[in-house]
Amino acid sequence: MREAQQITATRYSELDQIDRDNVSHLRLVFSFRSGQRGAQGAAPLVVGSRLYLLTSFPHTLFALDLTSPQPKVSWQFTPQSDPIAAGLACCDRTAHGPVFDKGRLYFSTLDGHVIAVDSDTGRMLWDVAVANPHQGETLTSPPTVSGGRLVIGNAGDNFGTRGWVVALDAATGRELWRHYTTGPDRDVGITQGFAPFEASDRGPDLGSRSWPAGAWQHGGGSVSGPSLYDSELELLLHNTGPPAPWNPEQRAGANRWTSGVFARDPQTGAARWFTPLHPHNVYSWVNGTANIAVDRPWSGVNRKLLLHADADGLLYVLDRGSGEILAADPLLSPEDARQASQDDPSQTPRSGVQVRDICPAWVGAIGGDPALAASTGILFVPITRLCMDIEARPASYIEGTPFMGANVRVHAEPGKERGGLVGWDLGRRKAAWRIDERFPVASDALATAGELVFYGTLDGVIKAVDAGTGKLLWQWRTATGIMGQPTTYRGPDGRQYVAVVAGATGPYGLASQYWIDRRDATAALGLAQSIADLPAPTDPSGTLYVFGLP
Amino acid sequence: MKPGRTSLLLLALTLCACQREERQFRLDPPISASLQAVASMPDGISGAPPDTYRVLGKPYASNAYNLSQGKQLYTWFNCNGCHANGGGETGPAFLDGWWRYGPDIISIFVSIRDGRPRGMPAFRDRLTTEQIWQLAGYVQTIGAYSAKTAAPARDDAMQSRPAENRAPAKSSFASDQWPYPPQ
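One line per chain: the protein sequences are C and A, in this order. Going by numbering that gives the first Met the number 0, the final residue of the first sequence carries number 549, and the count climbs one at a time with no gaps. Going by numbering that gives the first Met the number 0, the final residue of the second sequence carries number 182, and the count climbs one at a time with no gaps.
Simulated from the structure, these hints should not be mistaken for lab results. Just to be clear, a hint being listed does not mean it is correct.
Claimed, not checked - Rough simulated footprint, nothing fancy, chain C against chain A, three-plus residues with beta-carbon under 8 Å:
no. : segment
1   : 68-79
2   : 109-123
3   : 149-160
To be verified - Take a look, some chain A residues computed to stay more than 12 Å from chain C by CB distance:
no. : residue
4   : Leu7
5   : Leu8
6   : Leu9
7   : Phe24
8   : Asp42
9   : Ala47
10  : Pro48
11  : Ala83
12  : Gly87
13  : Glu88
14  : Ala92
15  : Asp95
16  : Arg99
17  : Glu129
18  : Tyr144
Said to hold, decoys possible - Distance ranges between label pairs, derived from CB positions:
no. : chain 1 : residue 1 : chain 2 : residue 2 : range
19  : A       : Glu21     : C       : Ala535    : 43 to 51 Å
20  : A       : Asp42     : C       : Gln79     : 18 to 26 Å
21  : A       : Ala150    : C       : Lys470    : 36 to 44 Å
22  : C       : Asp184    : A       : Glu21     : 38 to 46 Å
23  : C       : Ala327    : A       : Arg117    : 39 to 47 Å
24  : A       : Pro49     : C       : Val352    : 40 to 48 Å
25  : A       : Ala162    : C       : Gln216    : 48 to 56 Å
26  : A       : Asp155    : C       : Gln79     : 39 to 47 Å
27  : C       : Gln346    : A       : Gln71     : 25 to 33 Å
From the three backbone atoms N, C-alpha and C, an ideal C-beta is built for every residue, glycine too.
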């Protein structure tokens, strides 16, 4: 259990039985085929002698008993689902959990519910609908447990929903507070205590005044990624997604409070600070990557830092207390990676013009969530290198239908590989090493005390590399692409195992679905042709693979 | 023959050749009402169009004006948000000719009017019956199995796929490994 909790914060595990010397002996211990097409991105969770696995939508929660060599299903739970959500999960990475706290499992569902079940029996304790899929709202992240509360935000920027974050009472599921990303201060939760680092972010009702009249009501800014609970500073930190619609001509202004980082009071939800990263965000760069909190020396002083790997390809280092940006360093060297500037009018999408070769594309430069080895100060960041051609189109808001206003075609950066993994040295503020991958790396990274980093590839290879040098030490081919979180746990027999769920999820999962016709360059939000050479999976079912030493 | 007569004859012949396609900007109310009477099967898949549709000569499959109107409605009502320009996204592609609810125009009409359970919203309160017909005709054209004599207007935006009247669906089925069949 401890391992799993640490992984949610930094994706780092203290387990060190599997290390650089013996990792090459890793072999498959067992696999579990969920029978459900695709997978959701969150790691399976191990508590005691049970492994909990939540499948993709429509979800089933499986509890596997790990005490026998070929684990059996102890119980399984399938909540009622609203099939409409299947047509809404679009471009966000979906990682619904489960999370464990005090004998209960909590998870969110794509169709907008948060559900608590008894971890022993699988009995449902409560089920609360917090998002309305008929308006295009979905849930794509797991709830965050913070002192008796569960915090979760919505996804659905492409449907013109209005981003929000909600806190529920963990005991009953009762809604405690809900605050929006756009709109008047009252809705956003901006009160006397709001102190953004930049003075320009202070002023009444910026969440509605930085938009054309009324546009904030369908302004996006969803909270599709996980929130982070800082129990020391009593802060809840979460990203806000890009503004809606994509067509920037229809939303002149800074579009507060989209495309930035919020810090809130977990008790009331009141905003403490906000740091904008891409005001107006003309490229609709997503903002769903998990942040990492770490305390370490910065310019000689010990500081509480927030690491935010951003879609624009920069690693932002923020002060958790104030929101001040201490550093913004390009993860790929500037001469090696192209970087679009939204201040350049010739690179701004507008109607009737195709703006070409915008890098990174809307999916951003970050693949899965990064992992941090705090002892060495190396951050392992999965990378995506794709560019896009974009043309603005008029968009009209119709409830429950997409609110986009753009034609988009995504392609590789000429002459470059489309993905990779960067080992970033926080102390020296430069890359220690980089691995290039043929496809974008959509899986999250996992770092272990055995000085290893695990990640998976779209064409279905799980890899272990040396955390110090990036050297490939072990790999194993799965039946379908890996787009989720590898994890590691200590089994009931005291031995360390590595687990990963292979299966399509997120934007690349969508682009590789059978119903996509790749002859349309705008299919799957323009991603269809960018991974057209990805082979079809041999088995479309989401499957859990568990590896161990002989 | 005198040159004057010849040119007169030629003019007459030319005029005969120009049989202009009929554009009806507003349907007569009784016709509109009868086009509403689509008899689909109980499961909402396939069925018979009203007799009026046949009597009119299937105007939504064969009339370029109606197809062009359908093409405009396709973007105006955000169809491209889920189906892209026919290649699909969260909604299925049309271009590949693989129709989850059947390739006939009645199935497509019913999909648009009543919606489908896995994410397709109902447009019956948002479009007139005639507009739903125009849209259904256009959508069917994107994934047509054989070349059509009528085509909608050209794209006025990014060219992202083969033109609608190129009948690409057939070739897709003939050759490839992709798309793999659903489970």
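Hints and how they fare:
no., hint, result
1, 68-79, "holds (count 5)"
2, 109-123, "holds (count 5)"
3, 149-160, "holds (count 4)"
4, Leu7, "holds (46 Å)"
5, Leu8, "holds (47 Å)"
6, Leu9, "holds (42 Å)"
7, Phe24, "holds (22 Å)"
8, Asp42, "holds (15 Å)"
9, Ala47, "holds (28 Å)"
10, Pro48, "holds (26 Å)"
11, Ala83, "violated (4 Å)"
12, Gly87, "violated (5 Å)"
13, Glu88, "violated (5 Å)"
14, Ala92, "violated (4 Å)"
15, Asp95, "violated (4 Å)"
16, Arg99, "violated (8 Å)"
17, Glu129, "holds (19 Å)"
18, Tyr144, "holds (14 Å)"
19, A:Glu21 <-> C:Ala535: 43 to 51 Å, "holds (47 Å)"
20, A:Asp42 <-> C:Gln79: 18 to 26 Å, "holds (22 Å)"
21, A:Ala150 <-> C:Lys470: 36 to 44 Å, "violated (57 Å)"
22, C:Asp184 <-> A:Glu21: 38 to 46 Å, "violated (58 Å)"
23, C:Ala327 <-> A:Arg117: 39 to 47 Å, "holds (42 Å)"
24, A:Pro49 <-> C:Val352: 40 to 48 Å, "holds (44 Å)"
25, A:Ala162 <-> C:Gln216: 48 to 56 Å, "violated (38 Å)"
26, A:Asp155 <-> C:Gln79: 39 to 47 Å, "holds (45 Å)"
27, C:Gln346 <-> A:Gln71: 25 to 33 Å, "holds (29 Å)"
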